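Based on the provided sequences and hints, a complete structural model is requested.
First residue of the sequence shown? That's 1 in my numbering, and the numbers climb one at a time after it.
Where hints are given, some of them may not hold.
[Said to hold, decoys possible] Within a straight-line C-alpha distance of at most 30 Å, the following computed DSS-like cross-link-like pairs (lysine-lysine) qualify: (1) Lys241 - Lys259; (2) Lys201 - Lys271; (3) Lys241 - Lys266; (4) Lys241 - Lys313; (5) Lys313 - Lys271; (6) Lys266 - Lys201.
Simulated from the structure, these hints should not be mistaken for lab results. In this text, all values refer to a predicted model and were calculated from it rather than measured experimentally.
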Amino acid sequence: MARAPTRDAVLKGMRAALRLQRDLGLDQGPKRGHRVDVFGAIYRQNVPLLFRKLEPLLGAYLREEGNPGIILTTRRPLGQQRFTAAHELGHHVLNHDPHADDDSILRRSPDHARDYMNLPPAEQEADAFASYFLVPDWLITTLMQRQQWTPQHLQNADIVYQLALRIGASYRATLYALVRNRVISPGIRQQLVKAQPAAIKRALVPDHSIESTQNIDVWHLTERDEGTVIEAGRDDLFVVKLREDSNAGYLWNFDELEKAGFAILKDGREKVAEGVVGAPTIRHILARAGDATAHGVYTLWERRPWAPEDDPKHWSFDYRPVYSHDAGLFRPSFKQAGGAR
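See below:
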């Protein structure tokens with residue numbers, strides 16, 4: 001008879017994930033609003049992390065003569081690498097035997113009992129660990145508060161996709177976490193899971209052709225992303241919409257982005273309230289990370305050109321480029337090794 005994940009397995013994986021987050025300080029201070037750095041967590045557990053061109057395997061947990069190690073494929077998008085890494089880290093933290101994993105770990109669904117037919121408890125525990133470690137409830141709560149998203153907002157597939165980007169998890173994994181956190185109901189999840197992220201991305205940039213929706217994400221950024229850490233890929237697109245008091249002479253300037261290597265693909269304005277004299281507009285740009293490979297805080301200023309120092313407004317974000325790793329041993333940056341992320 002098919003069986004759903006056992007309660008004991010889920011609890012064991014969940015507790016191990018929350019304990020490791022606490023031990024690494026991931027749920028404290030400024031880090032509370034950042035996606036979980038799973039590669040850095042593996043490094044801080046003194047587990048070598050190696051990237052290889054595996055096929056069809058996604059990853060494996062090894063233990064040679066008592067020495068642990070994790071291997072991940074380079075042939076999958078970053079989001080799938082992150083989940084696989086969390087799954088293998090779960091095997092290590094929970095002291096499981098060595099194990100190799102294919103893409104079945106991405107297809108399993110907690111509410112589909114048949115997916116867990118004859119599945120060993122260790123795999124159930126690793127699944128639960130990965131889910132709670134990558135998408136903790138406190139991260140969902142923090143991001144909802146920052147963006148002023150209500151449970152009603154998260155009944156919209158577009159909003160769930162944006163939440164998934166900020167968490168650093170797949171669209172489907174984010175939906176399951178929202179159900180687990182009682183933000184949406186299982187029935188709403190069943191409706192939203194039918195949405196295709198590729199279609200969501202294309203709808204965000206209807207006049208721009210996306211070559212590969214699998215490897216490119218589209219971020220929708222507004223004033224509510226002030227100070228946000230944006231961990232994006234080189235080819236990701238950014239739809240930036242900022243309120244602009246152009247009728248009073250204030251204009252947003254994007255020179256800093258261009259100097260940093262970002263490409264401004266489109267630039268326009270749209271009315272906030274049609275037919276209202278003096279109403280502000282929304283400055284709407286489409287940008288690509290392009291050659292912006294440097295981690296840094298970028299600030300945009302809304303100024304009047306003839307009086308640049310007269311009551312300027314600003315909007316900034318912390319850009320951290322992240323890419324799928326090339327083959328080889330994972331070596332974090334100095335800041336990662338010191339736990340700054």
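Comparing the hints with the structure gives:
1. Lys241 - Lys259: 20 Å, holds
2. Lys201 - Lys271: Between Lys201 and Lys271 the Cα gap is close to 23 Å, so the pair holds against 30 Å.
3. Lys241 - Lys266: With Cα atoms ~12 Å apart, Lys241 and Lys266 stay inside 30 Å; holds.
4. Lys241 - Lys313: Judged against 30 Å, a Cα distance of about 15 Å means the pair holds.
5. Lys313 - Lys271: Given that 30 Å is the threshold and the Cα spacing comes to 19 Å, the pair holds.
6. Lys266 - Lys201: 16 Å, holds
Going down the numbered hints, you'll see the structure goes against none, and every one checks out.
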